[in-house]
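Taken in order, these protein sequences are the chains called P and X. When we follow our numbering, the leftmost residue of the first sequence carries the number 1, and every step to the right adds one. When we follow our numbering, the leftmost residue of the second sequence carries the number 1001, and every step to the right adds one.
Hints listed in this document are in silico derivations from the structure and should not be mistaken for laboratory results. Some hints could be false.
Dumping the calculated EDC-like pairs for lysine to aspartate or glutamate here, alpha-carbon to alpha-carbon at most 20 Å [as the list claims (entries may be wrong)]: (1) Lys309/P - Glu297/P; (2) Lys149/P - Asp1111/X; (3) Lys1332/X - Asp124/P.
Which stretches of chain P does chain X cover? Using the computed rule of at least three CB atoms under 8 Å from a CB of chain X, they are [claimed, not checked]: (4) 114 to 122; (5) 264 to 271; (6) 325 to 339.
Beta carbons: idealized from backbone N, C-alpha and C, even for Gly.
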Amino acid sequence: MNDFLSICPIPFSDADECIQLAHGGGGRKMQDLLRNLILPAFENPFLRTQHDGAVLGAGNSSIAFTTDSFVVRPLFFPGGDIGTLAINGTVNDLAMCGARPRWLSAGLILEEGFPVGTLRRVLDSMREAAHRAGVQLVTGDTKVVDRGKCDGLFINTAGIGTITHPVSIGPGRVEPGDALLINGDLGRHGIAVMSAREGLEFEPPLTSDCAPVWEPVQALLDAGLEVHCLRDLTRGGLVSALNEIASASGVEIRLEENTIPVCQAVRGACELLGLDPLSVANEGRFVAVLPEHQIPEALSVLHAHRHGKNAVRIGRACSASPGQARVTLRSPLGTTRLLDMLSGEQLPRIC
Amino acid sequence: MRFVDEFRDPDIAKRIAARIHRTLTRPLTLMEVCGGQTHSIVRFGLQELLPDTIHLLHGPGCPVCVTPVELIDKAMEIARRPEVVFCSFGDMLRVPGTRGDLLSAKSAGADVRVVYSPMDALKTARENPSREIVFFAVGFETTAPANAMAVLQAHTGQVNNFSVLVAHVLVPPAMETILRGGTRVEAFLAAGHACTVTGFADYERMIAQYRVPIVITGFEPTDILQGILLCVRQHENGEARVENPYARAVRPPGNPLAQELCREVFRVVDRNWRGIGAIPQSGFALQPRYARHDAEQRFGGVMDTPRDTSGCLSGLVLQGRLRPVDCPAFGKRCTPQHPLGATMVSPEGACAAYYRYPP
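The task is simple: from the sequences and hints, build the whole structure.
See the structure below:
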């Protein structure tokens, strides 16, 4: 009991402050909410790593445990739906811990009046996605709320994965001299969902990159590569993920803009809407950080996989003086700028 | 990507920058008028390519930054009414009024929606006849024609639950205010997209009075560098005239149809500019015949707001009299997470641009 009593009270004085959408946007506001309210409430070493999941020791082996909730609107979008997201999101969080995804739970929160036929479509997607990712859905829960109390369907999934590789992976393990690679082009998921939601049409149509990425991660680990950090590039995109890594490891991450792949349709949409593709969400993309000399081998390993065949090196980690951890981007013009985490969600510009 | 990559070509950009270095022999202070240009300059780090003797001032052409506090307050007051769906472009939602911003009104229960076009708001009005749909008509000459079209269509289609809260401002009166205000602007990069609508007859008149080079400039790196090069040449030759290197978008008379539409729906009025103050004949209000689509007629007029006591110096920034980094609050009390003023809110605002992309 004493252990619990010694924990600091929650240092959050703004009693009348309200939650805004930006608190869930993957940017600085969400970081503030985590740091000021959520982490202090449950202070422990597992949470402190701020990894995509918790790595829990059990005898000689260890497991990874994670959870994620899915509230996408619309429920169906080009390249996926809330069901594929709910499976792949949790599968990928486990993969980012270097864990083979094994068992998932699913909690369904349904709104009164939600069509059963639509639920069946979502469950079919979940079954197919689980099959593709090699996981079993082994437990679950269903709740129904009054009409108007949720947006049709919310899904929570939690997952357990097994860790068999001795490599220690985490956002705080990046060192100067490491290099970064990503497994494909950026921004497809965020723009596909936005175009479905807002009725924006692109030619050719854009589909989400939603996919399970354990296979390419496993290949890196099986090749004996010294993977220091893995991070999937979901809400807040590359910019949020790299800022979290830079600050956890105390390094400066330097990117080369012309090596970062963004497809024509995403670039075009971002130009039109005034968005930065590097801050747009992805659901099948991850960054891997390894020692520079292992990058050529890592790339050839990834290139053999469907969800890694377009992998490229995008930058490197350098030493930073204390308090100077940051992410910078060198433009094709040879000029350099800071890539700072956004406050909340990106808002389209006026003109 | 066509029509973008050509204008971001590193070799062309470096060649133009080299010409600027070769041509300039004495210091030059120039102002890019439009916030979109400021955004490009900092996003692409163009200042790094220029001689130290070129001093760039960031002008007032950011609609988010200059919309006065009293209009934000009015927008929040309207948005909080239970019958109202308040529609706005995304980046207006985070602009602080006297008490919070539209996002905080939304989180407190107001029905605030981001739209990409005033036509989307008009569609919402048609689909929700029992609700009052109010669109926040913000921006310069660039966005005014589309907003005028929405009002005209609401009028002819008798969509009586659609109204607009008009906050439109005009570029040339702001430039004249800056010239009269004693800021040492020796050349202007004029806002290319506003000129697609207005053309540049106003600038010919301005040059006759103030003898300052005005170059109609686009938004891509080579556009901006080319605009600067032409300013440098005029400066070195002692010239003052309008040049239009942005001819792929701007014709001398502008867009007469759009101008006619604006004249039909709007009348020119005095406007308050955030941080700058009242500028005569510097904005639009609805013509009396469209009064039933005027949110101020429907929900009460805009009240004067007490003086800004936040310590925000954005007015000086918007007039080119203070660099964002020289403001005592910059990056300390004032950040994009907790903006004191609007120039820290929009990605086009000079302060936010400097914060995100430090020089």
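We went through each hint and held it up to the structure:
1. Lys309/P - Glu297/P: holds (13 Å)
2. Lys149/P - Asp1111/X: holds (16 Å)
3. Lys1332/X - Asp124/P: violated (52 Å)
4. 114 to 122: violated (count 0)
5. 264 to 271: holds (count 4)
6. 325 to 339: holds (count 8)
Hint violations for this structure: numbers 3 and 4, all remaining hints satisfied.
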